[in-house]
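Single-letter residue listing:
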Amino acid sequence: MEKKVNINRPDISSEEILKRKNFDSLLKQYTSIHKPFYKNPWFLSGAGIVAVAAITTIVLKLNNTNTPTTQSVKQETTAIDSVAIANFYKNEEAKPCINPPLTDINIPVTIYKVIAEKGAILNFKTGSKIIIPKNSFADKGGKLLKGEVELHYREFHDPVDFFLSGIPMTYDSAGMRYHFESAGMMEMLAYQDGKPVNISPGKLIDIELASNYTGSEYNLYKLDTLANNWSCLGKDKTVEDKPDSKVTATTTAKQLEQTIEYKTVETKKEEVQKEKNKKIAVLPKLIAEPEKPEQAKKDKYTFNLDIDAKEYPELAIYKGVLFEVGNENKSFNSSMYDVTWDEAIIKEGPEKGRNYLLTLKKTSKKYDLVVYPVFEGKNYETAMKEYQEKYSKYTAALDKRKTEEKKIEEVYQAQLAQLKKQEQELELKWKEQQENQFRQMSAQEKVHRMFAINGFGVYNCDNPLAYPTGVSCTAGLNNEKDIKLMCYDVFLVDKEKNALFSYTKNPVVKFSFNPESKNLLWTVENGILYWLKPEQFGEIENSEGVSNLRMNKVEQKFKNADEMKDFFNF
Amino acid sequence: MIETSKYHITQAGLAGEQLLVDAAKKNPKDFAVLYDKYYEPIFRYIYQRVDDKEVAFDITQQVFLKALDNLYKYEFRGVPFASWLYRIAYSELNNLFRKKKVEHTVNIDSVSVYSIIEEIQESKIEQYHDKIIEIIAEQLDEDDLQLIEMRFFEKRSFKEIAEILDITENNAKVRTYRILDRLKKIIK
Chain A
1 MEKKVNINRP DISSEEILKR KNFDSLLKQY TSIHKPFYKN PWFLSGAGIV
51 AVAAITTIVL KLNNTNTPTT QSVKQETTAI DSVAIANFYK NEEAKPCINP
101 PLTDINIPVT IYKVIAEKGA ILNFKTGSKI IIPKNSFADK GGKLLKGEVE
151 LHYREFHDPV DFFLSGIPMT YDSAGMRYHF ESAGMMEMLA YQDGKPVNIS
201 PGKLIDIELA SNYTGSEYNL YKLDTLANNW SCLGKDKTVE DKPDSKVTAT
251 TTAKQLEQTI EYKTVETKKE EVQKEKNKKI AVLPKLIAEP EKPEQAKKDK
301 YTFNLDIDAK EYPELAIYKG VLFEVGNENK SFNSSMYDVT WDEAIIKEGP
351 EKGRNYLLTL KKTSKKYDLV VYPVFEGKNY ETAMKEYQEK YSKYTAALDK
401 RKTEEKKIEE VYQAQLAQLK KQEQELELKW KEQQENQFRQ MSAQEKVHRM
451 FAINGFGVYN CDNPLAYPTG VSCTAGLNNE KDIKLMCYDV FLVDKEKNAL
501 FSYTKNPVVK FSFNPESKNL LWTVENGILY WLKPEQFGEI ENSEGVSNLR
551 MNKVEQKFKN ADEMKDFFNF
Chain B
1 MIETSKYHIT QAGLAGEQLL VDAAKKNPKD FAVLYDKYYE PIFRYIYQRV
51 DDKEVAFDIT QQVFLKALDN LYKYEFRGVP FASWLYRIAY SELNNLFRKK
101 KVEHTVNIDS VSVYSIIEEI QESKIEQYHD KIIEIIAEQL DEDDLQLIEM
151 RFFEKRSFKE IAEILDITEN NAKVRTYRIL DRLKKIIK
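Listed in order, the protein sequences are those of chains A and B. Just so we're aligned: the first sequence equals residues 1 to 570 in this note's numbering. Just so we're aligned: the second sequence equals residues 1 to 188 in this note's numbering.
No wet-lab data here; the hints were simulated from the structure. Since we're looking at a predicted model, the values are computed, not measured. Note that the Cβ used here is the ideal one computed from N, Cα and C, for glycine as well. Any given hint might turn out to be false.
[Unchecked claim] If you anchor each label on the Cβ, the simulated ranges turn out as follows:
no.	chain 1	residue 1	chain 2	residue 2	range
1	B	Arg44	A	Pro96	35 to 45 Å
2	A	Ile483	B	Glu138	49 to 59 Å
3	A	Ile528	B	Lys101	53 to 63 Å
[To be verified] Only pairs whose alpha carbons sit at most 20 Å apart, straight line, appear in this in silico DMTMM-like list of lysine to aspartate or glutamate:
no.	chain 1	residue 1	chain 2	residue 2
4	A	Lys4	B	Glu119
5	A	Lys3	B	Asp144
6	A	Lys19	B	Asp144
7	A	Lys3	B	Asp166
Please take these sequences and the hints and turn them into a complete structure.
Structure, rendered in structure tokens:
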């Protein structure tokens, strides 16, 4: 077709164009070609009496404006719904960058407690390692922090992890939207006293992220939650796992001991021990066991001394106590007994409560004798009587205390057993998690993707990926009762790829998929997960129009990511 | 990758536009908002392809009339309403050209030609200027011409072109660069 060519034709101004706008004229033209059907000539010429009667009925009904028709009521309802729908999409768009779709489950965080000034090497259950140099934490102002810092760490390795985390897996660059095929993603955040903590300026935390993707096509990205986009940080470094670096039982135990859950139980064990000691300490003080009075032996020498009742209450309770010279005093001789000593001092002896040390002084001479308290005659009988009374009281008090102590011990043992059970459960859960993780990661392919970070957040070893191609579909999503689902984010899982392809539905979703792959489609309405089964993809054909897909409600309530993985055969 | 963001306006904007369309379907008077919004871009699209200003105004009014008349058929597909209007305009123009009721015109500004020459990385700008115009006017088929017009003479982004033509942004890019590659081969 031959065309006319104009070079550099003068432009026309917006004012001139706007002057020519004439909506009234347009509406008039429209109305003229849309006369009511009963005014059209073909209708009048072709209609009979019955038809006229019918028209009359219709006209009468249309003119009866006082009675609201079903149609008018329906229109009003639709208008309200439209506003609600617009608000729904507006709210969905305003949601934060990280937006977990299901409120009940998410990828759990493992909390480590790290002493800031010491640093730490942390081993995660997947085999990942986090190396924190000493003095790596600073507050918002850059001031170096000391003391305990809580490190919140988690990893994401497959589409279920990506989905549950709500972390966006799209990457916009230069107006293009990419999807990430991930070789592993991790999130690390740190807090002290509930306040977020930064990495100290100039410090780097080394991450050795366990991955089963060996390729070098992956870049390292950090999520910018404010810009709602990822920043490319360059390439990471991959290191293959050495056979001897496989996790052993010892390292597993060490990893478990580093977890906050385990440490919490250990702390509780210490607390119940302290509590037990405290309870025992506040029990009424037990009176000292009274010493059984000894009768003075006839062949032994004794001294009669005044005793300070305050200093030796165990002796003061008896009357007429004497101090018998013990056999161990080899230097004693009977002549000492005849001396009038200037001073006689009694002190505690080598066996406390049983014997005493008697120091005898005269001028420069001094003798130390170990002596034993004894009684003679009636004094002995009286002392024995008093002893028996005291001893009865003492044994009664002792029994009472033993009973109290037994009760405290029983409570303590019950608490301890409970905590030990918790530890065993943690150990079991840990082992299960580890087995699951390792089951998901092929042992032959396992590598560590190594990189260093200077800020906390979400990091992803990724390869930007094309949307799957093959069949394109524009669809409305309905539930099993063919009622439209009020959902926004729609996720496609192509099981050939370790990626989660996201689309938005407003009010229809346009997506494409590889018909040769096993595909799943997920969406969430009011916290309920719906999915399109792989076999349903076979029914979708390339089409220009809008189809309606019947999504299946997931009735099972998943308690954790592993249950969801089992359900969807990951 | 390679799908592009298909949305020239925000999701909330799309939802709002959908409400306007719904309202206009019920009451043609409510079409006024959409008419006001898209009158100028549709006129400029038409005027780029015809010689006479008055003819362009008439076709523009005709396009909106057809849009209003067929509004009940309109189905929201996640792209701005404008892309539907552009397709009506494209179809209307082609009808008129085919029936020879309107002369098909290519309106070219020299600056745009230079940008094409730059794009194909040719340094001999003056030498190729006229040649490029000749090729564009005589050798390109309707679809290719439309892409070149949209990209270089109307200065549209690939995203917008994709929306109007209902293709992916990547497809718009690939097709445009293929045409440029052909241009490069022809002029040498």
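| Between Ile483(A) and Glu138(B), is the Cβ distance one that fits in 49 to 59 Å? | holds, 56 Å
| Holds or violated: 53 to 63 Å for the Cβ distance of Ile528(A) and Lys101(B)? | holds, 57 Å
| task | Would you check the hint for Lys3(A) and Asp166(B), treating anything up to 20 Å between C-alpha atoms as holding? | result | violated, 26 Å
| said: Next pair to validate is Lys19(A) with Asp144(B); report whether the Cα-Cα distance is within 20 Å. | reply: At roughly 33 Å apart (the allowed maximum being 20 Å), Asp144(B) and Lys19(A) break the hint.
| said: Taking 35 to 45 Å as the stated bounds, is the beta-carbon spacing between Arg44(B) and Pro96(A) within them? | reply: holds, 40 Å
| Lys4(A) paired with Glu119(B) [C-alpha distance capped at 20 Å] | Given pair Lys4(A), Glu119(B) is violated - Cα atoms ~25 Å apart, limit 20 Å.
| query | For the pair supplied as a hint, Lys3(A) and Asp144(B), is the alpha-carbon distance within the 20 Å limit? | reply | This hinted pair holds, its Cα atoms lying about 14 Å apart.
Violated hints for the displayed structure, listed by number in ascending order: 4, 6 and 7.
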